[in-house]
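*Asks:* Next come the chains, spelled out residue by residue.
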Amino acid sequence: MKTAKYLAATALTVAGLGANGAAADDLTLCWAAWDPANALVELSKEFEAQSGHSMTFEFVPWPNFADRMLNELNSGGKLCDLLIGDSQWIGGGAENGHYVKLNDFFDKEGISMDDFAPATVYAYSTWPKGTPNYYALPAMGDANGWFYRRDWFENPDIQAAYKEATGQDLREPESQREMLQIAQFFQGREIDGQTRYGAAIFTERGSEGITMGATGALYAWGFKYENTPGKYDMEGAVNSPEAVEGLEFYKEFYKTATPPGYTDSYMEQGLDAFKSGQVAMAMNWFAFFPGLYADPNTGGDKIGFFVNPPQNQAASTLGGQGISVVSYSDKQDAALEYIKWFAQPDVQAKWWALGGYSAHNSVLNDPGFKDSAPFAADFLEAMGAVQDFWQEPAYAELLIAMQKRLHDYVVADVGTAQEALDKLIEDWTETFEDEGKL
Amino acid sequence: MTDNPIERAATATPPRLARRIKGLSDRAIAWIFVAPTIFLLLAVNIFPLIWTINLSFTNFRANRPNREVDYVGLRNYERILTDSDIWLTMQATAHFLFWTIFFQVLIGFTLAWLINRKFKGNDLWTTIIVLPMMLSPAVVGNFWTFLYQPQIGLFNYVVSFFTGVDPSSFEMIGSVNLAPWSIVIVDTWMWTPFVMLICLAGLRSIPDYIYEAAAIDRASRWRQFWTITVPMVLPFLMLAVLFRGIENFKMFDLVVQLTGGGPGSVTELTSINLKREAFEKWRTGYASAYAIILFVTVFGLASVYVKALNKVKER
Amino acid sequence: MSSYSITEPSKRQKWVAGVLVILYAVITIMPLIWIIATGFKSPADAISYPPKVMFEPTLEGYVNLFTTRTRVSPEALQALPPPATWYEGIVRNRDMVIAGPSRYGERFLNSVIIGFGSTFLSVFLGTLAAYAFSRFKVPLKDDLLFFILSTRMMPPIAVAIPIFLMFRTLGLSDTHLGMILLYTAVNISLAVWLLKGFIDEIPREYEEAALIDGYTRFQAFYKVVLPQAATGIASTAIFCLIFAWNEYAFAVLLTSGTAQTAPPFIPTIIGVGGQDWPAVAAGATIFLVPVMVFTILLRKHLLRGITFGAVRK
Chain A
1 MKTAKYLAAT
11 ALTVAGLGAN
21 GAAADDLTLC
31 WAAWDPANAL
41 VELSKEFEAQ
51 SGHSMTFEFV
61 PWPNFADRML
71 NELNSGGKLC
81 DLLIGDSQWI
91 GGGAENGHYV
101 KLNDFFDKEG
111 ISMDDFAPAT
121 VYAYSTWPKG
131 TPNYYALPAM
141 GDANGWFYRR
151 DWFENPDIQA
161 AYKEATGQDL
171 REPESQREML
181 QIAQFFQGRE
191 IDGQTRYGAA
201 IFTERGSEGI
211 TMGATGALYA
221 WGFKYENTPG
231 KYDMEGAVNS
241 PEAVEGLEFY
251 KEFYKTATPP
261 GYTDSYMEQG
271 LDAFKSGQVA
281 MAMNWFAFFP
291 GLYADPNTGG
301 DKIGFFVNPP
311 QNQAASTLGG
321 QGISVVSYSD
331 KQDAALEYIK
341 WFAQPDVQAK
351 WWALGGYSAH
361 NSVLNDPGFK
371 DSAPFAADFL
381 EAMGAVQDFW
391 QEPAYAELLI
401 AMQKRLHDYV
411 VADVGTAQEA
421 LDKLIEDWTE
431 TFEDEGKL
Chain B
1001 MTDNPIERAA
1011 TATPPRLARR
1021 IKGLSDRAIA
1031 WIFVAPTIFL
1041 LLAVNIFPLI
1051 WTINLSFTNF
1061 RANRPNREVD
1071 YVGLRNYERI
1081 LTDSDIWLTM
1091 QATAHFLFWT
1101 IFFQVLIGFT
1111 LAWLINRKFK
1121 GNDLWTTIIV
1131 LPMMLSPAVV
1141 GNFWTFLYQP
1151 QIGLFNYVVS
1161 FFTGVDPSSF
1171 EMIGSVNLAP
1181 WSIVIVDTWM
1191 WTPFVMLICL
1201 AGLRSIPDYI
1211 YEAAAIDRAS
1221 RWRQFWTITV
1231 PMVLPFLMLA
1241 VLFRGIENFK
1251 MFDLVVQLTG
1261 GGPGSVTELT
1271 SINLKREAFE
1281 KWRTGYASAY
1291 AIILFVTVFG
1301 LASVYVKALN
1311 KVKER
Chain C
2001 MSSYSITEPS
2011 KRQKWVAGVL
2021 VILYAVITIM
2031 PLIWIIATGF
2041 KSPADAISYP
2051 PKVMFEPTLE
2061 GYVNLFTTRT
2071 RVSPEALQAL
2081 PPPATWYEGI
2091 VRNRDMVIAG
2101 PSRYGERFLN
2111 SVIIGFGSTF
2121 LSVFLGTLAA
2131 YAFSRFKVPL
2141 KDDLLFFILS
2151 TRMMPPIAVA
2161 IPIFLMFRTL
2171 GLSDTHLGMI
2181 LLYTAVNISL
2191 AVWLLKGFID
2201 EIPREYEEAA
2211 LIDGYTRFQA
2221 FYKVVLPQAA
2231 TGIASTAIFC
2241 LIFAWNEYAF
2251 AVLLTSGTAQ
2261 TAPPFIPTII
2271 GVGGQDWPAV
2281 AAGATIFLVP
2291 VMVFTILLRK
2301 HLLRGITFGA
2311 VRK
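Protein chains in written order, with my numbering: chain A, 1 to 438; chain B, 1001 to 1315; chain C, 2001 to 2313.
The following block holds chain A by itself, in its conformation from the complex (with noise of 0.2 Å):
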């Protein structure tokens, strides 16, 4: 007994001394429980063979993620080394010293930024928004996007009925309005013997679900968040009669085209809704749509994909996240060893090809990379026009202010999309001025 163990003390070590000198740490790396995080998981392995350093791993569902991850950082805690955070808290991790600045890793190393996707780089990397100050490395691109059953779609007879209740051909909508009618056309149709219902849409309250949900529809009729970026004059943006009337747009999306029960429902529940047939359409994230895919019963043939359609402009509501260093991690040496590998283009490579979504511009700008996924040329377009939420350091303020409005007036029937857009910029400006921003 005794001799395993030392032999197996042994071996550790050698292994450790084989890599680069260093002792073998064990890292904790701390991601939302997703279909990604378990490609994640698979492509550590050879990191963890490389290195001499363990993986362990810590996958905290969505709707818990934001809470459990920030408290977890405010708290100074040692949890986890790396962490994949949500692009909103680069603000807030660079300004309260949760992240490791990079610049200098970055600098010694050679890794450059201008490797990696424009659009990327300035969501998930950089604080303040823009300028050459990085806090992550981008690790996974994503964007909201729809995906429908191709197979109701090309059904003739189904075709058909959609030609004569609307007078228009069924196809991949080209626009939100398109979008809703199809939507509604499938509304509690019967379809082999089962009712189904039109599309499964963002709606939940406890984390995030409404707000990127409904943002879809807000960008894609001219929503923004200041007039002047920068400036925080939000009154005529915010509110503006396109953004009013993208977010009536929403509910009614939400109360005449969503199957019932759906109120309180964001990727899961979606997913669910889609997987198990109820639904014609469904938003989500891209980083989803490598399994739906692959599932037996409604990915294949069974399957199309879509970028969120326009309505006055073109946009996708931005997901995704960067892998940062956790400041208060004690193994900061080994993390940056895990990102130093992770940014290596054979590495980025394996990365999509396992379920990842790449933003190495080695992988993006490959001549095959179209080709390489029914989805992947859907989602080059769809990060050609993403916007985010605010990142600001009080973002999670801006965002409770945010998901409680739109929730109040699409599902609970509280007042007018104007009235919910003006109380939000008042949400929003008391927690500017309380910044000293306003």
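In short, the hints are calculated from the structure, not lab data. Just so it is clear, CB atoms sit at the ideal spot from N, CA and C, and this is done for glycine as well. Errors might be hidden in some of the hints.
To be verified - If you only want the chain C side, here are some residues facing chain B, beta carbon under 8 Å, derived: (1) Gln2013; (2) Pro2031; (3) Pro2083; (4) Thr2151; (5) Ile2161; (6) Pro2263; (7) Ile2266; (8) Pro2267; (9) Thr2307.
Since chain A is already given, all that's left is putting chains B and C on it; use the hints.
*Replies:* Here is chains B and C on its own, set in the frame of chain A:
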């Protein structure tokens, strides 16, 4: 020889130990025994309370350690008491408090009265009825979201079985009108046994001879119920209401798991609202003022209530 | 001899009362039975419409509770050697392989460590304090006792604000020690009040006799009072344990991984693509059953425990 047991004990033990024991008067022992408890409560309850009061006058944010902290006087209190959204959460809490207590007293008392008919096997059934209240509210609340699912959930199915309504036609948690009742139903399910047990103790404390005397006076059963049973049980019932009132005023775990405060904010009880302010928005100073206001409210209401309770007891 | 008595309910009354109470008991127990049953359902049976009362039991929920799994392509599955264990087999049937153990075991163990640790501490300290309050003249006794009780009136979220800051400063965030101390502080009011009641009931004459026999105060406390109070101490311990076991608000705010207990964890159990209700139900069952057993064991002292000794029956 002396009669003092401690002296006697002292003479019976070795000198060094004896000196030590002699040195420890009852008073010293009392302090040694009580001190750790008091110390712990001071450290984990009183010191934090004082800290909270101090924070409530500042604009401190726990997530912004690098920011300067200013004293803002009573501004936090002013903002809370004039915020119409907070009054809405107070209303939601009041609705929840009133109806849970109403149903729990009604059902709990009825059950206790029925169990006190002393039918065979009443012990076994009492134990079964009591089970829900001992369970983890968060875990139970989470599972009730499953029971409340429109189509697949047991609750809607049972309702449709008895009433013939389509089980997918109503959403207990999702609907603005039903959600406040969905939390009342689960809380009532969990805590009715609590009221029942206390009422049962009250009923069993009434001596038989009082009823016998009333029967000799030819008082009707109805009259006996109102002149003997109810007044005798009342102090017990009021105690139950006090406990339930305090507990439900603090309510967090069950409801946060069930509805998370939604839809919109119709089930956002004060504790849930406070959690958002303190641990999601991280407005620590503001949330501290909020906490103090809640504490004063509970403490004030409870004190008034206890006075009333004592009056009833004296009668 | 007449069997008629004015206080003894009639046969018919008993019968009607019995039926009504049993009816209520059956309705009230149904959600619990549903939780336990759902743990043994397959995912499809769990979300079938209409809800299935009869179903083929499977341990899939329990397997999913304790493992993490990844989906693999049918071809890759074919290439694998046959499953070595029965649980591998269940997972393979869903086109998945076991990737490793889940966190449930750790979280459950945390609940055990924190639950028993804080229970031991609060009962230990509580017994000492209760003995002192019961037997000695402690200055300001009533005030102290009320102070101890009033600490329970604060909403946990309100208490958590300064505790969070305190733990952060002391490095106690997300540690077992921090949670044990916190739960001890919360439970100690219950322990003192309950135990004082139990010790009050032990006649002072026993100790006085022991003191006359040459026992010291400590010995009298240790050898006479403690054995007499054993039942009371045991039931107090169980009440403290149940509280710590069930607690959610502090756990969700003050722990994130290392010391997280089961209640904040169970609601976050999700499967591969969708909420895995059988696994949630399995987790809930394993977590709730110990408390159900304790409740049945404790039924004689239940009332006392839940009312802080205010009602003793």
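*Asks:* Looking at the structure, which of the earlier hints fail to hold?
*Replies:* Hint 3 is the one this structure does not satisfy, whereas the remaining hints hold.
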